[in-house]
Every structure is written in C-alpha cells, then in structure tokens.
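Participant: Residue strings, one per chain:
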Amino acid sequence: MMTAVPISWYLTLSAILFVLGVAGFLFRHSIITVFMSIELMLNAVNLSFVTFSYQYKQVNGHLFTFFVMVVAAAEAAVGLAIILTVFKNRSTLNIDELDSMKN
Amino acid sequence: MDVILFLIFAIIAVVAAINVVVQTHPISSAVSLIGVMGSLAVLYLLLGAEFIAAAQVIVYAGAVMVLFIFVIMLLNAGAEAKRGRSYMVQVLGVPLLIALLGLLAFFVERLFPRNITVTFGGFTGGTARAVGQALFTTYLLPFEVVSLLILIAIVGAIVLARKEMD
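Protein chains in written order, with the numbering used here: chain A, 1 to 103; chain B, 1 to 166.
By construction, these hints were calculated from the structure, which means they are not laboratory data.
Built from N, CA and C at the ideal position, the CB exists for glycine as well.
Be aware that one or more of the hints could be misleading.
Said to hold, decoys possible - Chain B side only, calculated, beta carbon under 10 Å to chain A, not exhaustive: (1) L40; (2) F51; (3) V71; (4) E80; (5) V91; (6) A161.
What the hints assert, rightly or not - Simulated crosslink set (DMTMM-like; lysine to aspartate or glutamate; CA at most 20 Å straight-line): (7) A:K57 to B:E50; (8) A:K57 to B:E80; (9) A:K88 to A:D99; (10) A:K88 to B:E80.
Chain B extracted, bound-state conformation:
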C-alpha cells in the first residue's frame, strides 16, 4: 500500500513538474505547480510530517500560488514567444542536466542502502505539538529572526508595488 501510494503521487509530481517546465503559458505552469505541491503534501504525510503537510497545502498551494496567479492575471501575461536559444544551451543544456541528475542519483544510491525503508507510521514525531515545542525552545532565535524577515518583506512589497521608479 505504501509503495502504491508513493508511486502514484511520485508519478503525479514528476509529470506535473515536467509540465511546469514545458508549458508556454504561465497559468498552465502555475496550475501544474499546484499539482506538484499537492502530491508533495501527500508524500509528507507518508513520511509522518503531518504539520508540514498541512502547512504545505495552506502556505504553498494556497497562499503563494494564489499570489502567483493573481500577478499573472494582473499583468495579463500571455504565452511566451519562441525565440532562438544560444548555440551552447541547445547543445550542452539537456546532457548536462541529465549528468547532474545521474550524479545525484548515483550518490543517493551509494550513500543510502536499500534496507533503510519508509513505512507509514514509522515516525510519529511530526505532530504540530512536537514541531511547536522545538520551534519555541531550540529554534526560538531563528523563529524571531524569521518573523522580523516577514515584517521587512511586507513593508518592502508595499513600497516596491507603490513606488514609481524613475
């Protein structure tokens, strides 16, 4: 059951991610990206990260992607024009990406033997209670710094979107 669920949602994630890259219209890319994020939330649940799964759906698939789609519609962004890429990108781009993927997969296979497996319910320390406890004890300083960062980001976004630049 674990394997079937993993395979279903991994395939959905990979297909949607390929769709993000190959679609020419930004709205299609954005909707595919929501598919990636939703299936990743299911994989987080399989890994026992319930709080992170909920936050993924609310923050990423909800807030961030709504912001993206809002901006795409506000700017009325159409399909991007096809234009010639540089010769080097055409020749080297895809082989180098495949080489990078091969390298990453090679190291993953070498460093993580197959007897370490993931079963649903094998780790139950990802509840909101456990995450909150760690957040307000061990990670209190990063939490405060990040709240300051959010404040700066809010002010910065308002200033940037209002200002008429010369």
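So here's chain A without its partners, still in its complex pose:
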C-alpha cells in the first residue's frame, strides 16, 4: 500500500485535463462550450504550476496560478461580452456560421 502520491500522477492528471480541453476546443461547435474548454485548459496548467511549487517548496508557482486566475476572470468578462454582441448581431452561437472574416 502506497502512502504518498508520486508527483508524476499530478502532472499526468494535468496532461489528461489539458488534452480534454483541447478536444473540446477542436470538436465542439457552440462558441460557449469552446470558451469553457479554454477555461479547462487554463485549470490544467494551474494544477501543473501548483505541483511544481510543491516540488521545489517555493511559493512562486502559487503566484503564477493567481495571475492566471485573474487574467482568466478578465478574459471571461470580455469574452462573454463579445459573445453577447455576436449573438445580438448574428443571432447564432455556432462557430461554423461565424465566418465573416474568412472571405
């Protein structure tokens, strides 16, 4: 029976969550779900930062996590405002139909 968790388990969990975030970003069509997948990727990276902070017994990783959280909150506010504006003008949330910059 193991009594302690290897540090690689935490990093592997972080990798799994990051890949799931990439999958959501690539496969989903709703702009809101794509946005939530980005949040999932940010959370996975935060877990890596906190794990490295534990490994080196320093608080710096927590600070990076803190800044990522702040930037993610700002990004969510601006991003959701953009989604609101897009929906007001185009009345769709499907990213396949939002291709006015393509041509």
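Please arrange chain B on chain A, whose structure you already have, making use of the hints.
Facilitator: Okay, now just chain B, sitting in the frame of chain A:
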C-alpha cells in the same frame, strides 16, 4: 489516505472533464466544469496551496462560472445541432489527441522519477500570508499591471455589451 483522496478527486475531475466535452447542452457542460474546478480545489489543498484552493472556489467555481451560466441563460442557448465534421477531423482527431497525451505522459514519467512524492503537510508555504508577502514584494509590478488589466477588462466588457455594432 493521501492516495485514496487523490484517486477519488482525480477520477471525479477526469469524469467531469469528459462530461464537459461530450455533453451537447451548454448548461450540462458548465455544471460539469464546476465539478472539475471543485475537485481541483481539493487537489490544491492536498498540495498545500490553501490560498489558491480558496481562490479557486471563490473566483472560478463562483464568479466565472456564474457569469457563464448567466450568459447561457440570457442567450437561451439550446443543445447544439449535430452536423457533419470534416473528413480529416473524423479520421485524425482522436488519434492525434491520444498521441499528444501519450507524449506528455511519456515526458512526465521520464523527467519526474517516482521517488518524488506528495504528502499532505509536506509544504506549508502556501498560506495567504506567504502568498501576500510574495505578491507585494517580488511580484509588485505584475500585480499593478494586472490590476490595470482588470480595469481595462471592466470598461471593455461594458462598452462591448452596450454598443450596437453596425
């Protein structure tokens, strides 16, 4: 005990993350994402990051996700329509993602030997006091820049949500 707690919450996080990706309704995805964030907060506590765990619950699971659910309900977003993906995505998507995960896991296993372990209480430098001290000495400039960023984001969100674009 550490292993059991880690396994329980890691499994909850992975299952909820899979649910975020496979659910077709945005509300289901959002609630699953709250599950991911809650279990990550417990893992932060196991790693000795008490301040970050509290901030995770308050900022992410609280503020950001409430904003998401508010917007989903405001836009009355329903389940997304099933439509054909491009041929390349169908063939290459999942294998390439599994390859990426395999690559990441390979490097993690190679670079971090199994004798480095995490025990609860092995690192107690993550208190609000320690984080605050580092924040207002070493990281003072990033802190001020980030506060400016938040101000810009508030103004930008208000302008974007009010303006009628032509």
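Participant: Against each hint, give a clear statement of whether it holds in the structure.
Facilitator: Structure-based check of each hint:
1. A least Cβ separation of about 6 Å between L40 (chain B) and chain A falls short of the 10 Å threshold, and the interface hint therefore holds.
2. Evaluation of the F51 (chain B) hint against chain A yields a held restraint, the C-beta minimum of about 7 Å falling below 10 Å.
3. Given hint, V71 (chain B) at the interface with chain A, holds; its Cβ is 5 Å from that chain's nearest Cβ, closer than 10 Å.
4. The beta carbon of E80 (chain B) is positioned within 10 Å of a beta carbon in chain A (closest approach about 4 Å), and the interface hint is therefore held.
5. Of the supplied interface hints, the one on V91 (chain B) is violated, with its beta-carbon coming no nearer than about 13 Å to a beta-carbon of chain A, more than 10 Å.
6. Residue-level restraint check for A161 (chain B) holds (minimum Cβ-Cβ distance to chain A is 4 Å; threshold 10 Å).
7. For the proposed pair K57 (chain A) and E50 (chain B), the alpha carbon gap of about 14 Å is at most 20 Å, so the pair holds.
8. Of the supplied pair hints, the one linking K57 (chain A) and E80 (chain B) is violated, its CA atoms being roughly 45 Å apart against a limit of 20 Å.
9. Pair hint K88 (chain A) plus D99 (chain A) holds up; C-alpha atoms about 16 Å apart against a cutoff of 20 Å.
10. Our distance criterion of 20 Å between C-alpha atoms is met by K88 (chain A) and E80 (chain B), whose separation comes to about 18 Å.
When the structure is compared with the earlier hints, violations turn up for hints 5 and 8 and for no others.
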